[in-house]
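*Asks:* Listed below, chain by chain, are the residues.
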Amino acid sequence: MKSLLLAVGFTVAYAIAITLSFRTVEVRERMLVMTTIFLLSVPLFIAGHLLTPLDLGFLSASWTAEESLVDLAFALLVYSAGFFGGILQLYNLADRGFSLRILIDIRESPNGCLDASGVVRSYSAGKGIGWMYKKRIDDMLTRGLIVIEKEQVVLTPRGHKLVGLFGSLRAYLRLP
Amino acid sequence: MLLALISAVGFFAIFLLVKWQYFHQFRVESHSGATFWIVTAAMVANTILVTIWLMTHQEGGKLLQAILVSNLSMACLFVLYMPFYYTIATSLSVRSLIFIASRREATTLSVLLATFASEDIVRKRMQLMAHNRYLFKDDEGFRLTRRGLFVARVFTCLKRLWSLGPGG
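So the sequence lines, in the order shown, correspond to chains E and U. Going by this note's numbering, the residue at position 176 of the first sequence is 176; the numbering climbs one at a time, nothing skipped. Position in the second sequence (from 1) plus 1000 gives the number in this note's numbering.
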């Protein structure tokens, strides 16, 4: 149980730290900053686990792990899931979620109702759906997946590799 | 505890194998529904195995802890896996890259915009959201269901808390 308590404690502390930093500092590459802070916190987390007793001074024997390294592995798994599957996913959804933005735009529309053409125009507080897609294009350019040559969008070798991987996975899953 | 972790990893691997093979063999209507049932079955099987093992090895005193650790480990692996799966299944960027690779003629920005930033794409997404009960359709257009309103409210609060822009 020590692993669980430690992982929950660190995840809450991380969430508070990231909230304070987002509210006080202008962060541009938020995902990069979030991941870096998480990775920097991992050695602290490991030290915290190794330096505290297995029962934390109050856990009963039936809730205390016998193998410290196995307990540490479990603790790291929970902490990683809390970050990569929890906080980082929440951020991704909040800042980039397509469906979520549609929900918020409908909620903020004057009569709480939009059709597809209304969403195309009013997407992301009036920026429009074209803005959303250009943001994706910019991301793909930044990550070196595509280049634009003479107004044509061309895949880079890295883009081709990614297409090979994801294309075969999509084909295996029979995704349309 | 080690057994609980090994069992969780093993059953998670079985979940992945079954799910991917099932999706490969059959045309699945509801991906999230099928995934939910397969992972639930894997967790039940995992719980049964851990229970039987501990009971037959006279370690019943640690039973609750072992079941919790094992199923929580499976849940963590699931939470780590799902973003990867959704990137494969729904990412607009991934679909755009595959689209560019599949075309014989040149792809311009306007072709991409017409394909992926179109009313048709938005309509299909809204229909999917209606299918998943986040929206419902009336004569004027799409409205939020209770579930949709709840999600919109929660994330509007989160956006405010983290000082994020409109985004999307």
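Rather than coming from a laboratory, the hints here were simulated on the basis of the structure. Among these hints, one or two may not hold up.
[To be verified] Here are some, though not all, of the chain E residues that point toward chain U, as calculated from beta-carbon distances under 8 Å: (1) Tyr14; (2) Thr52; (3) Val78; (4) Arg136; (5) Lys161.
Each residue gets a CB set at the ideal place from its N, CA and C atoms; glycine is no exception.
*Asks:* Can we keep the Val78/E interface hint, with Cβ of chain U closer than 8 Å?
*Replies:* Where the cut-off is 8 Å and the nearest Cβ of chain U is about 6 Å from Val78/E, the hint holds.
*Asks:* Is the interface hint satisfied for Thr52/E? The criterion is a beta-carbon contact with chain U at less than 8 Å.
*Replies:* 17 Å, violated
*Asks:* Take the shortest C-beta to C-beta distance between Lys161/E and chain U; is it under 8 Å?
*Replies:* 10 Å, violated
*Asks:* Just to be careful: measuring from the Cβ of Tyr14/E to every Cβ in chain U, is the smallest value less than 8 Å?
*Replies:* Where the cut-off is 8 Å and the nearest Cβ of chain U is about 13 Å from Tyr14/E, the hint is violated.
*Asks:* Hint Arg136/E vs chain U: min CB-CB distance below 8 Å?
*Replies:* Because about 5 Å separates Arg136/E from the closest Cβ in chain U, which is inside the 8 Å limit, the hint holds.
Of the hints listed earlier, those the structure fails to meet are numbers 1, 2, 5, in rising order.
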